[in-house]
Each structure stands twice: as C-alpha cells, then as structure tokens.
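Residue numbers (UniProt numbering), protein chains in the order written: chain A, 1 to 516; chain B, 1 to 516.
Keep in mind that the hints were calculated from the coordinates and are not lab data.
Hints are not guaranteed to be accurate.
Identical copies look the same in the list; a pair holds intra-copy or inter-copy alike.
What the hints assert, rightly or not - Taking lysine-lysine pairs in the DSS-like style, the calculated list, with each CA pair at most 27 Å apart, reads:
| hint | residue 1 | residue 2 |
| --- | --- | --- |
| 1 | K357 | K177 |
| 2 | K512 | K357 |
| 3 | K412 | K177 |
| 4 | K506 | K318 |
| 5 | K512 | K169 |
There are 2 protein chains.
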Amino acid sequence: MKIASLSDYLLLRINRPAAKAAPGKAKAGSAPESGAAKPAPRTPVNRQIYQLIREAILAHTLPAGMQLPSSRDLALELGSSRNTVTYAYEQLLAEGYLESRPGAGTFVADTAPDQIPEAVERPEPLTDPSGKSELSARGAMLTRQAGVGERQWGAFMPGVPDVTCVPYKIWGRLQNKHWRRSNADLLTYGPGAGYAGLREQIAEYLRVARSVNCTPSQVLITTGIHQSLDIVVKLLGEHGDSAWVEDPCYWGTRSVLNSLGIQSVPIAVDQEGMRMRLANLRRPPRFICTTPSHQYPLGMVMSLSRRRMLLEYAATHKVWIIEDDYDSEFRYGGRPLASLQGMDTQDRVLYMGTFSKIMFPGLRIGFLVVPESLARAFSTGIAELYRNGQVFLQATLADFMAEGHFASHIRKMRVLYAERLQLLQQSINRHFGEKMTITGGEAGLHLVLGLPQECDDVLICEQALAAGIVVRPLSRYYMHARGARRGLLLGYASVPNDEIARAFDKLAAVIKPHLA
Amino acid sequence: MKIASLSDYLLLRINRPAAKAAPGKAKAGSAPESGAAKPAPRTPVNRQIYQLIREAILAHTLPAGMQLPSSRDLALELGSSRNTVTYAYEQLLAEGYLESRPGAGTFVADTAPDQIPEAVERPEPLTDPSGKSELSARGAMLTRQAGVGERQWGAFMPGVPDVTCVPYKIWGRLQNKHWRRSNADLLTYGPGAGYAGLREQIAEYLRVARSVNCTPSQVLITTGIHQSLDIVVKLLGEHGDSAWVEDPCYWGTRSVLNSLGIQSVPIAVDQEGMRMRLANLRRPPRFICTTPSHQYPLGMVMSLSRRRMLLEYAATHKVWIIEDDYDSEFRYGGRPLASLQGMDTQDRVLYMGTFSKIMFPGLRIGFLVVPESLARAFSTGIAELYRNGQVFLQATLADFMAEGHFASHIRKMRVLYAERLQLLQQSINRHFGEKMTITGGEAGLHLVLGLPQECDDVLICEQALAAGIVVRPLSRYYMHARGARRGLLLGYASVPNDEIARAFDKLAAVIKPHLA
Numbered sequence: 001m002k003i004a005s006l007s008d009y010l011l012l013r014i015n016r017p018a019a020k021a022a023p024g025k026a027k028a029g030s031a032p033e034s035g036a037a038k039p040a041p042r043t044p045v046n047r048q049i050y051q052l053i054r055e056a057i058l059a060h061t062l063p064a065g066m067q068l069p070s071s072r073d074l075a076l077e078l079g080s081s082r083n084t085v086t087y088a089y090e091q092l093l094a095e096g097y098l099e100s101r102p103g104a105g106t107f108v109a110d111t112a113p114d115q116i117p118e119a120v121e122r123p124e125p126l127t128d129p130s131g132k133s134e135l136s137a138r139g140a141m142l143t144r145q146a147g148v149g150e151r152q153w154g155a156f157m158p159g160v161p162d163v164t165c166v167p168y169k170i171w172g173r174l175q176n177k178h179w180r181r182s183n184a185d186l187l188t189y190g191p192g193a194g195y196a197g198l199r200e201q202i203a204e205y206l207r208v209a210r211s212v213n214c215t216p217s218q219v220l221i222t223t224g225i226h227q228s229l230d231i232v233v234k235l236l237g238e239h240g241d242s243a244w245v246e247d248p249c250y251w252g253t254r255s256v257l258n259s260l261g262i263q264s265v266p267i268a269v270d271q272e273g274m275r276m277r278l279a280n281l282r283r284p285p286r287f288i289c290t291t292p293s294h295q296y297p298l299g300m301v302m303s304l305s306r307r308r309m310l311l312e313y314a315a316t317h318k319v320w321i322i323e324d325d326y327d328s329e330f331r332y333g334g335r336p337l338a339s340l341q342g343m344d345t346q347d348r349v350l351y352m353g354t355f356s357k358i359m360f361p362g363l364r365i366g367f368l369v370v371p372e373s374l375a376r377a378f379s380t381g382i383a384e385l386y387r388n389g390q391v392f393l394q395a396t397l398a399d400f401m402a403e404g405h406f407a408s409h410i411r412k413m414r415v416l417y418a419e420r421l422q423l424l425q426q427s428i429n430r431h432f433g434e435k436m437t438i439t440g441g442e443a444g445l446h447l448v449l450g451l452p453q454e455c456d457d458v459l460i461c462e463q464a465l466a467a468g469i470v471v472r473p474l475s476r477y478y479m480h481a482r483g484a485r486r487g488l489l490l491g492y493a494s495v496p497n498d499e500i501a502r503a504f505d506k507l508a509a510v511i512k513p514h515l516a
Numbered sequence: 001m002k003i004a005s006l007s008d009y010l011l012l013r014i015n016r017p018a019a020k021a022a023p024g025k026a027k028a029g030s031a032p033e034s035g036a037a038k039p040a041p042r043t044p045v046n047r048q049i050y051q052l053i054r055e056a057i058l059a060h061t062l063p064a065g066m067q068l069p070s071s072r073d074l075a076l077e078l079g080s081s082r083n084t085v086t087y088a089y090e091q092l093l094a095e096g097y098l099e100s101r102p103g104a105g106t107f108v109a110d111t112a113p114d115q116i117p118e119a120v121e122r123p124e125p126l127t128d129p130s131g132k133s134e135l136s137a138r139g140a141m142l143t144r145q146a147g148v149g150e151r152q153w154g155a156f157m158p159g160v161p162d163v164t165c166v167p168y169k170i171w172g173r174l175q176n177k178h179w180r181r182s183n184a185d186l187l188t189y190g191p192g193a194g195y196a197g198l199r200e201q202i203a204e205y206l207r208v209a210r211s212v213n214c215t216p217s218q219v220l221i222t223t224g225i226h227q228s229l230d231i232v233v234k235l236l237g238e239h240g241d242s243a244w245v246e247d248p249c250y251w252g253t254r255s256v257l258n259s260l261g262i263q264s265v266p267i268a269v270d271q272e273g274m275r276m277r278l279a280n281l282r283r284p285p286r287f288i289c290t291t292p293s294h295q296y297p298l299g300m301v302m303s304l305s306r307r308r309m310l311l312e313y314a315a316t317h318k319v320w321i322i323e324d325d326y327d328s329e330f331r332y333g334g335r336p337l338a339s340l341q342g343m344d345t346q347d348r349v350l351y352m353g354t355f356s357k358i359m360f361p362g363l364r365i366g367f368l369v370v371p372e373s374l375a376r377a378f379s380t381g382i383a384e385l386y387r388n389g390q391v392f393l394q395a396t397l398a399d400f401m402a403e404g405h406f407a408s409h410i411r412k413m414r415v416l417y418a419e420r421l422q423l424l425q426q427s428i429n430r431h432f433g434e435k436m437t438i439t440g441g442e443a444g445l446h447l448v449l450g451l452p453q454e455c456d457d458v459l460i461c462e463q464a465l466a467a468g469i470v471v472r473p474l475s476r477y478y479m480h481a482r483g484a485r486r487g488l489l490l491g492y493a494s495v496p497n498d499e500i501a502r503a504f505d506k507l508a509a510v511i512k513p514h515l516a
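When you get a sec, could you build the whole thing from the sequences and use the hints?
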C-alpha cells in the first residue's frame, strides 16, 4: 500500500458529517475491500482515521515495517487539517500500532501475536450439539425454562403493586434531603449489612407486624428476594445439595437454586401447606423453601401443626428453612398472620422479605433476617459478593418508615386492593357464574382462576397477551407439566378500578372458546 | 393454669408504657418463669397479650384443650379494656392457636406437630469441626478470605472517586423530572437488558471513547462488575470449570468465581500484562479474566502482541475472555487506550464496565457488552436471576449522558485527579525521596507504593487504620501470600487536595518504623 493508496483507502471509508449514512454500526459488508467497517458518521474524522488505520494494521493490509506518509502529506491528500492526522498518529503510537524512528519517520509496528505453543489436553468445551448455542448446560436450562415474563406492567400482571400510588411528593422530599447533603457515606459503597437506620426500622416493623423475633443486628439489607436467596445458598449450601420447594412455587426461587447447582425437590401443597411424603422425610435436604403465610401462587396458609413439624424436623436434622414472606401485609379476610420465624426457638429459619410489593418493585430493596450467630458472616458475604450501594435510597426509605408514611401507605393500599379484588371477583362471576374456582383471594396482589384440566393455560396466556392482557399460566409454576393444575394468575393490584371490568371482558373473550 | 394464674402470668410480663424498661428486645432471662420473653415496651398491650399467650401455648404452659377465661373476665383481671383482650383472642383464633366451640367457650387448640416418621439416610450436614460455624465450605472460605474492607471512605481508600463532586443540582433535576412523571415503566421491574435509552448512550460512548465494537442491543445494564461476572459465569460456565485470573487481581473477581465453583488459576503479570506459561497454555480454561487497559492493581497496559495472542488463543480454544475495563477514563500520561473487545473479530470477548468510578459507587449501575448472538440469552438470564429494577436511576443517567454532563464531568475529574496524584507523589518524595517505587501512577484512582519484601504490609494497614488512614495491602491481592509483592494501595481520588499532605504524614509515621 503506497501513500496514494492509503489516502484512497481512507477517503473511501471516512464518513464526513455531511454525507448522510445510516446511523449506528455500519454493516461489515459495506466496505469495498478488506474487513474494515465504516466508522459511525458521528465519530470525529480524527477518530475515524485512527480506527481505519488500526483495522488495516490488524488485517495486515498495512504490513509490519511499512513506512507511513508524514502527517502533513496525508493531511493534504485527505483534505483534512494536519492536527486531525496528528491526533490519529499519536493515538496509534501510544497504543503500539505504530512506531516512530527518530530521523526516519513513522512505521507500522510488528504486533504479531506472541507465539502460542502447541498442544491442548482438554476436549472441546461444552456446546450444544447443533453448535448454535455456546451457553453452558445450566445457562441453556436457565434460559429455556425462564419464568420471567416479557411484560412487567399492565392488567393483569401478577405480583405488581400499584406503583402510581406511591406518595411521590413525600418520597421526593426525603430523597432530596439526603441528596442535597451529598453525604459521602450515602453515595459510596454500602456496608455489607446495609444502612443502620433502615435495619432498625425494619426490625421494629417486623417485630410488631409479623411477630418476627429479631434485633436490628440480625437484619441485612439486600436488593430483594433473589439476592437474599443467592447469599443464603452461597454461605450455607454446597453445589449438589438439595432443597425442598413447594410445588407450585415462584419461578425465581427455582431458577436461583438451579443456577447455583442446588437440586430442587418438589413438595406438593394441600390446604395446610407443604405436604411431605415419607420418602421426602427420610432424606433431609439442606434447605426448605417455603411461603407459610401465603403460599405462592395458590394462597393457602400453612397450618400450625405443619409449621411445628417443619421447625422440629429442621432442628433435628440441621436443615435451613428459608421463609419467603413476600406480601402478607395485604390480607383482606382478617389480620396478617405471624411468621414462621417467630415460632422458631432453634435458629433454623432465615426470613426474607421485600419492599417491592409495598412500595414499588423498581426500588430493589429487600431484607433477610438471620440468626444472631450468622449475622456477621452474612454481612461480610454480602459486601464481598455484591458490593451493594444505593445507601441514599435506603436512608430515604428509613425516613419514610420513621415518619409513619410506610404504615399509612400500607393501610391505604390495603383498602384499595380489597376494592380491586372485589371488582375482579364480580367480573369473574358475571362472565362465568360460580363455575370457575377462585383461589388465593384472601390476601396478596393476585388470585388464581382455576381452569378445567383439559385447557391449555399457556396457550390462553399467549392469546391474552396478543389481546393486550398480561396473565401467567398456573401450570408453569409447577416443576413438571404433567400433573400440574391449569389456571391463570391474575394480578389486580396494579389495575385502576375503572379498567378492571373492561380488561377482564377481553380476557374472558380469550378464555371462553377454550371451555367449549 | 387457672384463670387467676393466666392473668398473673400476663400481669407479670406485660410491659406497660409507663414502666420504663430497657428498649429493644428483652433478654430471655428476664422473665420470672418459663421461656417467654417480655415483649418490647413499645408493643401495644393487645399485641403483648397475644404474644404471651401464644408463647405459653407453644411451651405447653397452656396445654391443648384447656379452656380460656372469657375475654370480659380476663380484661377485668388485667385492668385492660375488653377490646384489648378481644384483639388478642381473635388473632390467636385466626392463627389456629385457639379454637372457639360455639356455646362452650374458647379453648387452646391441639397444635402438636405432625408426626415425623423415623429414619434419615444422610450423614450429619457439613459444619466446621469446632461446631461453631454452620457455614458451608464455600461460605467459610468466602468470609475467611474476604477482601472487602471495613471502611469504604476516607484517605487513602483505593478505588473510590470523589463522590462529593457529582453535579448534584443537575442530577437532582433530571431525577426529579422522571420522579414527578411517576411513569410505571420506570418504577416496576426492569427489562432484563435494562433501560433502552441508557443502552444507546453507553453504546455510543463506548464506541467513541473505548473503541468498543457494539450496537445498543449488545449492551446489558447490570448493577456492576460483580453482577456482570456472576451472570457471565452462570450462563457460560459450569461448576468445576477454571478461569485464569491475573495475579495480583481484584479480590471481588476471585470471590465471585469461588462462590460459583470456578477454580481460579493465577497468571503472573509483567510489564506487558498477563504472562502465560506453557503449562497454562496446555490447559485452556473456560474463562480468562483480565484488565488489559489498566492492570488491577499494578497499573500496566497489556501489550499489543499479548492482546493478539490472547484473542487468537481464545478463538482457537473457544475460551471466553472477560475484559474488566473499570477505570480507563482516567489516564493522565496520554490518551485512554482502546479496549481488547474492539480488536476481537471472533466474538470471544465479554466486556464489562461500571459507572462507580466515574459517577459514584452507590449508584450501582454497570454494563456488560456481549456478542450479538448471546444478547438475548443474557437479557433473559439477568431478568430471571436478578429481577433488576431502578430503571428510574437508569433513565436519569441516560439523560445525564445525552445532555453532555457525563463527558464534562469526566474532563473535570481528570484534571482534579491529576492534581491529587501529583500532590501525593510530592508527599511520597518528601518523606522517602526516590527510595520508594511508585507504580500505576499513570492512570486510575490509586497508585501502588512498593515496600521492601521484609515489610508486613498487612500489619502496616492495620496500624494505619488505627491512625485513621485507610490503605490496602498489596500482598492481599495475590492468590498466595508466598511470593506476593509487598506494598500499599493508595487511593488519592477521593481525598481533598488540602488534606493529602497531612494524611500522608500520618501514614509515613506508621510506615517509617517498618523500614528501619
């Protein structure tokens, strides 16, 4: 490549702002020769020259040892200023693509890769046989079985509170207060256990509202149920351990466990909660994951005798009970029930909760209550593995609780959600009479509309989504499709009162042909 | 227990607000009989009665089948209102501790645990031999080898930018704009890949500033380097795989790998970066973790020939290169260098970055650039495993970048940090002349002050902390203490100009006795 051809090469490829090219990354095939892609038009010309020469060196179009034209000559050929070319040359010199020989000029450096010695012992890495995916086995399983939905908002997305009801003014005021002070402790990495003021508020709240037996030192702030479960498993479990999970259960629980090499053992639920078989009891797992206050997604409350049996079993066999108490603030047919943790005298329960359902999911603040003896290890583990931050949001939430806004927000939302639940139940009755069973309508943010076993609830959900309605198929919450009950999870909490009937009309129109 | 003794039992334990008891959780030993603890004094009396009766039932002090006094009689005995007692009874009925027999009265329910069948196959769960810790093996290793420091702020904490320089007014204005609109999409769970507007801004920034070759669809928002590494390993690696890590390296990298069952293979670094031995090359790992633009913590730049060798090796053996480009915006001795990702034509590089060093660590926003073919799987995996949120912060950051504040903040901070670096170097020279080697002073937020090999850098750091100075020992960044170089990591970015000399005086006073 001579001087003229270098400038030709560059002239062909430089995107001047005037020339209107498609924005974004240019397609590789659009360059007339070699593999060099056209730089994006918004890139300054000096950057473009740098990029193009660099690519030509990497592609050996400009071979090692070749002399480059002087910056003045090249600038003339390109019709650019000399500074433009100098910038590109200096960057390339700094990065080692070019070398300057004093008195001689500028040359393409020898950047051939270090020699790689021969010989490899290990067989080809795992890939799927089709060669299409390069995911690991657990990665492939995770993405194939993913339970997370495409849409996170809209009637009747389950598990989502009405985020438009958050008292924005109050929250904004508290947030700005901390923000204005620009306190370094609130803006740098957080302590592993989280902001002390928030831990105190949570401990107080849990003692009173959920009969959780804890001091602030046992409360650790996390980003939510997923992170809480991740740290519990990493600190207390080994790859290859097993965990009992309720069947059906929250998809997130199973996915986090799988991703950490924990085998999920499904335990059926009846009206009293988890129902262990003899074969289960003979093989104590490392963990028991349970939602005793409000089974997810079916909604039953675990009976006292089951609770006591679980606690006794866990104490005898040194099993960890992971209690997920995700939404028991919202109970419409009576008072919230006490936590399992509060009945535990043997320190076997790890209690998890979240502010996603009471405040708003995007806040990403949850908590984990651990036995006193483990609090320090958990604090270290959280700092080491996640390096959490967002202490300014934690401080805002602590103020929000301390000033009483949290309690009154719960009271307000409980009334609102009870109305919405009733509206939804009326809509269901209007369309289907008493034919359809409704479960889980005493508490929480969703109910389950039972479908006949011959219905394909996954297909109904797909058709509903096409009609603009977000619902989730009950069968997908079971470990195996075979034997799974069919039904739809309908979240009513986030749907404005006056939209519920209309949205359900649409859904009913999707469901009815399946009942024929 | 008769009526009189039930009311005695309660009267002895109820904490009335007037009686000044110690706040917080009462000690178990303070109750005169049985295991029941005194409820906290701030707990309403009706809650206390509920708790005390519940505990008595669980302790069998109130046996199954026993009749309770009527709420009126008990209220009289306690000198409380009848509503107070009714509340407690109703809650206990709701939770199944009591049962009401119509026409007969209220009785303690039979809540004996379900019978647990005999027989367990598995041996005792793992615990450490002392019986003190119940952590798993990986949990014990993680907390024992934790690299995270107790303090996250103060001279000379490495890796922390000056968070007090964030343009608060601008940021606050942008944040409030989104906050006021209370857009549900910004407050609920986020899409797996993050906020689209931010992904566009990051792609544009990386193309121009770091020569990263990507479209917005390849950019995924995470909460930082730790989460980025976690998802890469979970989707592309199996338990038992190995990863090459630079030795020394960032402690967080090693801890995240360990927690996921990935074996770290240390690779020494020289002036050209990672220096693989023949024995290493013969056994391709699953991952290569590297900091080519600015080796952490020593600061060298990987040479071009090493880069090309790594890329060629990775392509041949289907190894994933994880490029951690954590702080290369701050380069004082020249321009920032191009990323390794930008040289990769075989889609083997996963590029990670963070806003912790440019904006502030508490923001917890980072990003991951993956090959186009993997983008969808990563988006699903992130949503499924972490259910990230905080989209309102992502939207704020996107605006901050789009309006140009991000670029000007980097320029401003680069000038400021260069001053601080110079002030620190002057202080070092003033105390130690040219005797001490300084490395890594061309870029980033910290430098490494080399110490003679006979110095105990861990001890020096402990003594410095006692004197109010936060520094980290270089030897701790090595995989094995044997052969590790001794030195101190000094972060200068977060220390106000006029405090640097004074803080270093204190540190020098700690160091000097060790040099004698």
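Verification of the supplied hints:
Taking the shortest Cα distances, K357 and K177 sit within 27 Å of each other both inside one copy (25 Å) and across copies (24 Å). Taking CA atoms no more than 27 Å apart as the test, K512 paired with K357 passes in neither setting, with 31 Å inside one copy and 56 Å between copies. In this assembly of identical chains, K412 and K177 lie within 27 Å of each other by CA distance both inside one copy and across copies; the values are 25 Å within and 26 Å between. When the C-alpha separation of K506 and K318 is checked against a cutoff of 27 Å, the pair qualifies neither within a copy, at 50 Å, nor between copies, at 50 Å.
Taking the closest pair of Cα atoms, K512 and K169 never come within 27 Å of each other, the shortest separation being 44 Å inside a single copy and 55 Å across copies.
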